Amino acid sequence: STLWETTCMELGITRTRNAVYQTAYHAVWIPKYRRKVRVGGVAERLRGILHESCQAKGLEGLALEIQADHGHLFVSAPPASAPSLAIQWFKGISARTLFAEFPALRTTLRKGPLWAPSFHVGTAGNVAAATIQRYIERTAHIRARR
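Per the numbering used here, the very first residue in the sequence shown carries number 5; after that it's consecutive.
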């Protein structure tokens, strides 16, 4: 390993064939009607789906916290991947898979879509990335009070 590669790894810089980048996105999205559907087996399966989706799309999952009525995903993506497109991938793939594996979700959601159409995405630099990751890890202990 060269000095350049070692320095890149220490700074969290990633390389592809055409780019050298350091990106981090904090994404949050909710189920339709803010229903508390991310519980038990659904939450664990969603965790697996998001992990698999990151690997399949060439993204790096940095932190993940799933709560009953919302979740946080902190992910690094190449510059060619628009954050909104990545979130659409996560929402689409997870909805199709969860509806297929947990048919009862359809009745809970009044036979509508799994996810609300909106989402939040924020970007983070190197210093802010550690702060966001700690925030997400801390929310693992806080449950929605609704």
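Please note: incorrect hints may appear among the correct ones.
[Stated by the list, open to error] Cut-off 30 Å, straight-line C-alpha distance, at most; resulting in silico cross-link-like pairs (DSS-like, lysine-lysine): (1) Lys40 x Lys115; (2) Lys95 x Lys115; (3) Lys40 x Lys61; (4) Lys61 x Lys115; (5) Lys36 x Lys95.
Everything labelled a hint here was simulated from the structure, so no lab data went into it.
Keep in mind it's a predicted model, so treat the numbers as computed, not measured.
Now for the hints, and whether the structure bears them out:
1. Of the pairs offered as hints, the one joining Lys40 and Lys115 holds, with about 15 Å between alpha carbons and a cut-off of 30 Å not exceeded.
2. As the CA atoms of Lys95 and Lys115 are separated by approximately 17 Å, the hinted pair is consistent with the 30 Å bound.
3. For the hint pairing Lys40 with Lys61, the CA-to-CA distance comes to about 28 Å; that is within 30 Å, so the pair holds.
4. The suggested pairing of Lys61 with Lys115 holds, with an alpha-carbon distance near 29 Å, which does not exceed 30 Å.
5. Distance hint between Lys36 and Lys95 is fulfilled; the C-alpha atoms sit about 12 Å from each other, no more than 30 Å.
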